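Undergrad: Here are the chains, one letter per residue:
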Amino acid sequence: MKVPMSWFNDYTDISGITPKEYNEALTMTGSKVETIENMGEDIKNVVCGKILEITEHPDSDHMVICQVDVGDETLQIVTGAPNVKVGQIVPVAKNDSYLPGGVHIKTGKLRGVESCGMLCSHEELGLTEADLSWEPEYGILILPEDTQVGMDIKDFFHLNEDVVEFEITSNRPDCFSVIGLARETAATFKRPFGVKKPEFSENSENIADTISVTVENPDKCLRYCARMVKNVKIGPSPDWMVHRLKAAGIRSINNIVDITNYILLEYGQPMHAFDLRHLDGGKIIVRDAADGEVIKTLDEQDRTLNSNDLVIADASKAVAIAGVMGGFNSEIEDDTDTVIFESATFDAVSVRLTAQKAGLRTEASSRYEKGLDPNNTVPAIERACQLVEELGCGEIVGGMLDVKGNIKEPTVLKFRPEKINAFLGIDISKEEMAEYLRAIEFIVDLDKMEITAPSFRPDIEAEADIAEEIARFYGYNKIPTTLISGEATKGFYSPMQIFRKNLSAALTAQGMNEIFTFTFTGPDEFDKLNLPDGSTFRNVVKIRNPLGEDTSIMRTTMLASMLRTLSYNYNRKNEAASLFEISKVYLPTEAGKLPNEPEKLAIGMYGKEIDFFDIKGVLEAAFDSLNMKGVEWKQLTDCPSLHPGRAAALYKDGSKIGIVGEAHPDVCKNFDIDIPCYVAEIDIAGSFKCVDNNIKYKALPKFPAAERDIAVLVDKTVAVGDLEATMIKASGSLLESIKLFDVYEGDRIPEGKKSVAFAISFRAVDRSLTSEEVNKVFNKIVKDLQYKNNAQLR
Amino acid sequence: MKQQLEEIKKSVEAQLASVQSIESLEEIRIKYLGKKGELTSILKGMGSLSAEERPVIGALANEIREFLSGEIDKKKAEMAKVIQEAKLKAEVIDISMPGKKSEIGNLHPLTKVLNEFKDAVIGMGFQIAEGPEVETDYYNFEALNIPKNHPARDTQDSFYVEDNIVLRTQTSPMQIRVMENTKPPIRIISPGRVYRSDAVDATHSPIFHQIEGLVVDKGITMADLKGTLETLIRSIYGENAKCRFRPHHFPFTEPSVETDVCCFSCGGKGCSVCKGEGWIEILGGGMVHPKVLAGCGIDPEVYSGFAFGIGLERLVMGRYDINDIRLFFENDVRFLKQF
Chain H
1 MKVPMSWFND
11 YTDISGITPK
21 EYNEALTMTG
31 SKVETIENMG
41 EDIKNVVCGK
51 ILEITEHPDS
61 DHMVICQVDV
71 GDETLQIVTG
81 APNVKVGQIV
91 PVAKNDSYLP
101 GGVHIKTGKL
111 RGVESCGMLC
121 SHEELGLTEA
131 DLSWEPEYGI
141 LILPEDTQVG
151 MDIKDFFHLN
161 EDVVEFEITS
171 NRPDCFSVIG
181 LARETAATFK
191 RPFGVKKPEF
201 SENSENIADT
211 ISVTVENPDK
221 CLRYCARMVK
231 NVKIGPSPDW
241 MVHRLKAAGI
251 RSINNIVDIT
261 NYILLEYGQP
271 MHAFDLRHLD
281 GGKIIVRDAA
291 DGEVIKTLDE
301 QDRTLNSNDL
311 VIADASKAVA
321 IAGVMGGFNS
331 EIEDDTDTVI
341 FESATFDAVS
351 VRLTAQKAGL
361 RTEASSRYEK
371 GLDPNNTVPA
381 IERACQLVEE
391 LGCGEIVGGM
401 LDVKGNIKEP
411 TVLKFRPEKI
421 NAFLGIDISK
431 EEMAEYLRAI
441 EFIVDLDKME
451 ITAPSFRPDI
461 EAEADIAEEI
471 ARFYGYNKIP
481 TTLISGEATK
491 GFYSPMQIFR
501 KNLSAALTAQ
511 GMNEIFTFTF
521 TGPDEFDKLN
531 LPDGSTFRNV
541 VKIRNPLGED
551 TSIMRTTMLA
561 SMLRTLSYNY
571 NRKNEAASLF
581 EISKVYLPTE
591 AGKLPNEPEK
601 LAIGMYGKEI
611 DFFDIKGVLE
621 AAFDSLNMKG
631 VEWKQLTDCP
641 SLHPGRAAAL
651 YKDGSKIGIV
661 GEAHPDVCKN
671 FDIDIPCYVA
681 EIDIAGSFKC
691 VDNNIKYKAL
701 PKFPAAERDI
711 AVLVDKTVAV
721 GDLEATMIKA
731 SGSLLESIKL
741 FDVYEGDRIP
751 EGKKSVAFAI
761 SFRAVDRSLT
771 SEEVNKVFNK
781 IVKDLQYKNN
791 AQLR
Chain U
1 MKQQLEEIKK
11 SVEAQLASVQ
21 SIESLEEIRI
31 KYLGKKGELT
41 SILKGMGSLS
51 AEERPVIGAL
61 ANEIREFLSG
71 EIDKKKAEMA
81 KVIQEAKLKA
91 EVIDISMPGK
101 KSEIGNLHPL
111 TKVLNEFKDA
121 VIGMGFQIAE
131 GPEVETDYYN
141 FEALNIPKNH
151 PARDTQDSFY
161 VEDNIVLRTQ
171 TSPMQIRVME
181 NTKPPIRIIS
191 PGRVYRSDAV
201 DATHSPIFHQ
211 IEGLVVDKGI
221 TMADLKGTLE
231 TLIRSIYGEN
241 AKCRFRPHHF
251 PFTEPSVETD
261 VCCFSCGGKG
271 CSVCKGEGWI
281 EILGGGMVHP
291 KVLAGCGIDP
301 EVYSGFAFGI
311 GLERLVMGRY
321 DINDIRLFFE
331 NDVRFLKQF
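Chains as they are written, first to last, in the working numbering: chain H, 1 to 794; chain U, 1 to 339.
Mixed in with the good hints there might be a few duds.
With beta-carbon atoms standing in for the labels, derived distance ranges [claimed, not checked]: (1) Ala17/U x Pro704/H: 28 to 36 Å; (2) Glu116/U x Thr35/H: 32 to 40 Å; (3) Arg191/H x Thr231/U: 31 to 39 Å; (4) Trp134/H x Pro147/U: 50 to 58 Å; (5) Gly102/H x Ser102/U: 31 to 39 Å; (6) Ser102/U x Asp747/H: 31 to 39 Å; (7) Phe328/H x Pro147/U: 30 to 38 Å; (8) Gly123/U x Gly475/H: 27 to 35 Å; (9) Lys634/H x Glu116/U: 38 to 46 Å; (10) Gly123/U x Asn545/H: 39 to 47 Å; (11) Gly617/H x Glu116/U: 50 to 58 Å; (12) Leu700/H x Gly34/U: 45 to 53 Å; (13) Glu116/U x Leu483/H: 17 to 25 Å.
Residues from chain U that face chain H, not an exhaustive set, calculated with beta carbons under 10 Å [said to hold, decoys possible]: (14) Ser102; (15) Glu116; (16) Met124; (17) Ile128; (18) Asn149; (19) Asn240; (20) Ala241; (21) Phe245; (22) Pro290; (23) Val302; (24) Ser304.
If you are wondering where the hints come from, they were derived from the structure by calculation, not from laboratory data.
As the structure is a computational prediction, the values presented were derived from the model and not from experiment.
The beta-carbon is built from N, C-alpha and C at its ideal position, and this holds for glycine as well.
Please construct the entire structure, taking both the sequences and the accompanying hints into account.
TA: Here it is, written out as structure tokens:
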């Protein structure tokens, strides 16, 4: 909502308040000021001057020397403009003047002749043709003959005006009006406030003799007032009105339409003007539209309505969509003779639904949908009549038609000052509270201790609302700042929250960087992941109104987001990336129910010398650091997104908790990556279950360990993990650790075989081991390896 | 004999003064103090002394022996020190060469600031609540006093999954979920992802993060809301951060408040960061609406509470001077490594 500041002086007094003070004060009482702009801020020292004499320039054939009367003196000004004539009134930028764009004009010499300023074109004043009521010539701007000489050009164009732009919240329809904001202004600065009752004279006829108003749906039309103006003379509006409308962002059309728009701004009451010629049967009927009824609105669009929409109709057809837009068929024309003014209140939800359905959000509908005051219709329509009289554009017919629908009773609340003080944490008297409330037209009865909210405040429903009114005029910043008292509560992270935090720490400690990706994606990413048509991952939560296809479904796997991020980095020439994310996937349940949102850890890596065992190592180290026990790694050959020979599934107690591996080369290609990359997706809840919190100190060894190395020759296909399992089983309680230190194929190794070497450490807690003891175990290991894994000692 | 002893002492002292190497020093020790050394042989000859002389000379011999042995050790230590110093000098390295750094990864800047926030509120007795992102219309809107067809729904363009299921547009539904399941006193925050149908640009993202806060107990006041928010703002923006509270409107709080922090870029004078206002809006909040409390089965005549919501991205952008929200979700490692 934009308001030229001087308009407030019609209802209160804002003298002596600077724009900066105004901005701060109104913002702090809840009418947030976005900006205050001075329209003529850039123009200084430019006046209207009359050309008295023109002489030729001695040294130039395209320049002339003008003597210009600027009121208090006559200035000599040299100009090159082709259109100046003696007697014209023109804008004169005097010595030391400023024009838009920071142009500074000073006295100087032009080809040896002194020039004490500059004559201006409309462009030089920052104006466009739309700012003028006449067509400008090429060259200097010629002002009307009756313009007062010496007048500041900003006064001539009404540029000397601060325009305030407010952010109005949806609960304050009353503030979508100049009067409403003037009320807030007056209360903020503790200045007087009043709106004069409109006065005008009516002729001896009666509107009821010409037309009737019937409201068929009193739930949707809470009040309908109509007045009639005859002998209308359609023409332009006076300057002051054009200027106020323009400053508020509304273009002038003609006097009658401008009056309705002026009332919209001043009272916040949408009005409509019908041409009586087009109202068949002398009837105004407020009714539900018929299903399929079509109306062409003022913007010349055909709108198809249904029975949920409310229309204004005459005896035969709809002439307006109630509260949204008038019909093309009843619009005011240049030869309109008799006008019917409508000032009505329609149900907020009904207007909102109709406007939404039609995709038509108008100045009227955006006010109605917040809930307007039925008591505002009469003063608004009377003010319109007063303006008709003031502008001399018609004769007001006697009487007003006023049909009331189902209007809500005013809200009366108990006044409990002690409760309000306790709620806000302040301590002020009930008289002070009453003063704040009365300034914004609440009725406070200190005998009955009751508060009645004015009817233009539909937002006031409960004591908390009253508390807010008091708080904002007392001053939010005067309310003390205290710490929460009462029963102490214990703040802590849940075990799961600690787990996630520790997991992130274990990953960052290994050089992994955390990422945040979008949780919605496009169905094509399943194709990129090589997932077959029937894959369960393709069963998704769909967004009905997505921004685009690529953000239309909630993800069921985090692999695509991770691969997309790896690709983003790879294609920006980042040599290596090691990334992780702990986030959610969204798995549909059944219609009408919320999906499951399990959490996953995603890991992704690429870079020089990165292979499967890097990503495996990252996970193993993280698991160790979190004391996760019992995670089994099994070869995974059938995940379509992963390399069939370089992938693993992770299990805990037989249930799968994740997958890890090299991305399938096709998948890499689909994501525009042409080097191997490695990904993992691990279930967070599943991992959390692996955590062994039962940590007990084990005494440090007092006796030395015995070390033995072993190298065996096995078939290439034998898994190192299986060899380890055999050795663990064979060695019993004396085994301390087994470390793989070499796997070798090639020279001196038979085809189809590999050599695998381990360092084994044995230790007993209570004694030094003898070599006989160690040999016995070692021999059992060798025997078992041979027996179970067909391994030959090298 | 006494004289012999004195001479040995003098002779050793003289040689020590000019000795050059640890090896020659050792030779001296052996020559005089060794098993077959001169002093030892003198002591061996003590048997020929009278009973009166013997203890006197014995004492003298031991004294000289100890003295010389001490002198030799001293000399030896001095020389070892010189040698070590020369060695250390030779071992000088160029410490300006790079360290053998093991690369440590980074938490995302959104996590970093959120963690600080969590730590701050946990110290104030808060717990952290978590809940669904795909949410019912009831929790996202209706229970928060935003009925169907309420104009406030306009400002939060929602993604719909079904007629009554949306991607949550705010973390506020967690207020309801917590109040339905917890008896006051309640002190929680609930950070998380939220979704709004905004096209992506430098300041808008259809997915972003909020931190919801909720306190409900007997006797909670608006002054408590201000005190809590001020403490939190200081913990994030520093002890000298200035903030202001101004009235606003949210359907689920009454009175409602928006909180601005004094522009960290210009200090309040007005600049491009704060769009000339001198203040930057960082959060919204208010006293929990009595209808919302009652809807969760909490008697508003007995209990009161406050709630607040903070946009995490804006907080982090202000903190690190990040000028484009898209950077958070592109995850370029050159961006991620900066925090």
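Undergrad: Hint by hint, which ones does this structure get wrong, listed from lowest number up?
TA: 1, 5, 11, 15, 19, 20, 23
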